[in-house]
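What follows is the residue order along each chain.
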Amino acid sequence: MGEPEVITIAQEADVVVVRQRVRVRSGELRFGLVDQTKLVTAASELARNALIYGGGGEAKIEELTSGSKRGLRVTFTDRGPGIPNIAEAMRDGFTTGVGLGLGLGGAKRLVNEFEIESAVGRGTRIAITRWA
Amino acid sequence: MERIPILKMGRCLLVTIQVDMDDRLATTLQDDLTERIASTGARGVLIDISSVELVDSFIGRMLANVAAMARVLDATTVVVGMQPAVAITLVELGLELPGIRTALNVERGMRLLREALGEPTVSDG
Chain C
213 MGEPEVITIA QEADVVVVRQ RVRVRSGELR FGLVDQTKLV TAASELARNA LIYGGGGEAK
273 IEELTSGSKR GLRVTFTDRG PGIPNIAEAM RDGFTTGVGL GLGLGGAKRL VNEFEIESAV
333 GRGTRIAITR WA
Chain X
2 MERIPILKMG RCLLVTIQVD MDDRLATTLQ DDLTERIAST GARGVLIDIS SVELVDSFIG
62 RMLANVAAMA RVLDATTVVV GMQPAVAITL VELGLELPGI RTALNVERGM RLLREALGEP
122 TVSDG
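Sequences listed follow chains C and X, in order.
The first sequence begins at 213 in this note's numbering and counts up by one.
The second sequence begins at 2 in this note's numbering and counts up by one.
Some hints here could point you the wrong way.
So these bits of chain X aren't anywhere near chain C, every CB distance computed over 10 angstroms [what the hints assert, rightly or not]: (1) MET2; (2) GLN31; (3) ASP32; (4) SER52; (5) PRO85; (6) ILE101; (7) GLU108.
Here are a few chain C residues that face chain X, going by a calculated C-beta distance under 7 angstroms [to be verified]: (8) THR220; (9) ALA225; (10) VAL229; (11) THR249; (12) VAL252; (13) THR253; (14) ILE298; (15) GLU300; (16) MET302; (17) ASP304; (18) GLY318; (19) LYS320; (20) LEU322.
Everything labelled a hint here was simulated from the structure, so no lab data went into it.
In this text, a Cβ means the ideal position worked out from N, Cα and C, and glycines have one as well.
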């Protein structure tokens with residue numbers, strides 16, 4: 213099993229690094245191409261959110277096992293302003309910034325598990341998991 | 002600054018995206034293409050994304066913007082070569098790229114452009 217790794221998200225190029233590492237790690241777990249692409253795309257959306265709305269943060273990539281299943285979890289943490297209304301932020305079309313408003317809701321549809329915690333003034337933590 | 006090359010062929014501009022674009026590079030390509038359409042009077046834009054392994058909402062929006070700006074400048078855009086895994090992911094993400102013409106490969110994309118421009122097409126089966 214690969215070791216967990218943490219990637220700092222401080223500039224646009226780091227979003228690409230997150231994508232590339234999630235691609236490599238999901239390939240190592242023998243995810244199919246569609247599963248890989250879905251997880252990498254969800255990670256790209258959330259890494260960009262952490263950068264733009266959270267003012268930067270980090271992504272932690274971990275391998276998981278459950279019985280014979282193997283999965284990959286990516287956890288995004290930022291110390292930004294937080295999300296006051298998570299239900300509203302998850303809705304398609306909701307955006308406060310430059311995107312299309314598909315980031316959170318779209319990312320959730322691309323993974324098997326999606327957890328979000330946010331405290332106004334303290335930051336946001338989002339964990340996504342996809343099983344091979 | 003890193004840039005994606007834009008080739009001119011007849012009345013068309015051709016772009017092949019072969020790198021994992023960060024948001025700045027995607028925005029630069031959008032601006033460069035719009036600029037080149039205006040300066041060359043190109044009537045068609047063909048964007049080959051067959052090497053692109055990920056289209057997220059930002060890159061999707063860039064493609065949609067290029068198509069919209071090209072239309073305003075009297076040019077037609079065709080996006081070609083989208084990988085099946087990318088297409089599946091895009092639709093699940095909720096991004097169906099309305100307003101963008103697509104074709105399976107460069108050959109079909111060029112044919113679509115020639116038809117759109119009213120040029121005689123060469124039959125290639």
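Here is how each hint holds up against the structure:
{"no.": "1", "hint": "MET2", "in the structure": "holds (13 angstroms)"}
{"no.": "2", "hint": "GLN31", "in the structure": "holds (13 angstroms)"}
{"no.": "3", "hint": "ASP32", "in the structure": "holds (15 angstroms)"}
{"no.": "4", "hint": "SER52", "in the structure": "holds (14 angstroms)"}
{"no.": "5", "hint": "PRO85", "in the structure": "violated (8 angstroms)"}
{"no.": "6", "hint": "ILE101", "in the structure": "holds (14 angstroms)"}
{"no.": "7", "hint": "GLU108", "in the structure": "holds (24 angstroms)"}
{"no.": "8", "hint": "THR220", "in the structure": "violated (15 angstroms)"}
{"no.": "9", "hint": "ALA225", "in the structure": "holds (5 angstroms)"}
{"no.": "10", "hint": "VAL229", "in the structure": "violated (10 angstroms)"}
{"no.": "11", "hint": "THR249", "in the structure": "holds (4 angstroms)"}
{"no.": "12", "hint": "VAL252", "in the structure": "holds (6 angstroms)"}
{"no.": "13", "hint": "THR253", "in the structure": "holds (5 angstroms)"}
{"no.": "14", "hint": "ILE298", "in the structure": "violated (18 angstroms)"}
{"no.": "15", "hint": "GLU300", "in the structure": "violated (16 angstroms)"}
{"no.": "16", "hint": "MET302", "in the structure": "violated (12 angstroms)"}
{"no.": "17", "hint": "ASP304", "in the structure": "holds (6 angstroms)"}
{"no.": "18", "hint": "GLY318", "in the structure": "holds (4 angstroms)"}
{"no.": "19", "hint": "LYS320", "in the structure": "violated (10 angstroms)"}
{"no.": "20", "hint": "LEU322", "in the structure": "holds (6 angstroms)"}
Of the numbered hints listed earlier, those contradicted by the structure are 5, 8, 10, 14, 15, 16 and 19.
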